[in-house]
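Visitor: Generate coordinates for the entire structure from the input sequences, incorporating the hints supplied.
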Amino acid sequence: QKEVEQDPGPLSVPEGAIVSLNCTYSNSAFQYFMWYRQYSRKGPELLMYTYSSGNKEDGRFTAQVDKSSKYISLFIRDSQPSDSATYLCAMSDAIKAAGNKLTFGGGTRVLVKP
Amino acid sequence: KAGVTQTPRYLIKTRGQQVTLSCSPISGHRSVSWYQQTPGQGLQFLFEYFSETQRNKGNFPGRFSGRQFSNSRSEMNVSTLELGDSALYLCASSSDGRTSGRANEQFFGPGTRLTVL
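Chains as they are written, first to last, in the working numbering: chain L, 30 to 143; chain W, -7 to 109.
These are computed hints drawn from the structure, not numbers from a lab. Owing to the predicted nature of the structure, the values given are computational and were not obtained by experimental measurement. Any given hint could turn out to be false.
Subject to a maximum C-alpha distance of 25 Å in a straight line, what follows is the list of computed BS3-like cross-link-like pairs (lysine-lysine) [claimed, not checked]:
#1 L:Lys142 - L:Lys96
#2 L:Lys31 - L:Lys96
#3 L:Lys99 - L:Lys85
#4 L:Lys31 - W:Lys5
#5 W:Lys5 - L:Lys96
#6 L:Lys31 - L:Lys142
Which chain W residues face chain L? A few, computed with CB under 7 Å, are given here [claimed, not checked]:
#7 Ser25
#8 Gly32
#9 Phe37
#10 Pro102
#11 Leu106
Here a beta-carbon is modelled for each residue, glycine too, at the ideal position from N, C-alpha and C.
Guide: Here it is in structure tokens:
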């Protein structure tokens, strides 16, 4: 079983709907949680960055982390066709001396229909 | 500020050959990480370099190697290419939290798409 599980989708929603994405993980040492968006044939783009448990909002994006359940979520409000992409969750347990290493979920493909 | 750049963007090689990919991080970033992305395995961590030293390594065979130069630019090399090495190779740079206060905030380049025939 993978350390980070993410439903591959595709997730199809009408324009203006809320997109709900989530990941589960098994490594309780993960402390840093990120969401990336990746368009076809492009590199991942960092959307949200959170440390430990809690909620974080940035514009139309809300990230939630529940460490007790080992579950993280990303919500996209008022979705637009331009939000159509693959969304990847990523996590790290990095202690500074151990360096940067992100463990990714497999990604969820999202399609927002006009 | 310019983003992470990777060269070349596309490569076609045959089995048994070797390849070198290059990455230039964001100015001021000293950490460079490399990832392999395939449809079957997703994004997998290869290794990370910080101040010219390999600081972390993923579970890849020794055919995959890298290095970092004093200007933080990094190269990765794959020797004796196999068909399964066909993938998008992504480089990510990080300030290691020094300027943003965010440890592990990584910024990705566009990737090099390697096809092994």
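Visitor: Hint by hint, note whether the structure agrees.
Guide: Now the hints, each set against the structure:
| no. | hint | in the structure |
| --- | --- | --- |
| 1 | L:Lys142 - L:Lys96 | violated, 33 Å |
| 2 | L:Lys31 - L:Lys96 | holds, 17 Å |
| 3 | L:Lys99 - L:Lys85 | holds, 17 Å |
| 4 | L:Lys31 - W:Lys5 | violated, 31 Å |
| 5 | W:Lys5 - L:Lys96 | violated, 44 Å |
| 6 | L:Lys31 - L:Lys142 | violated, 31 Å |
| 7 | Ser25 | holds, 5 Å |
| 8 | Gly32 | violated, 9 Å |
| 9 | Phe37 | holds, 5 Å |
| 10 | Pro102 | holds, 5 Å |
| 11 | Leu106 | violated, 14 Å |
Of the numbered hints given earlier, the model fails hints 1, 4, 5, 6, 8 and 11; all others are met.
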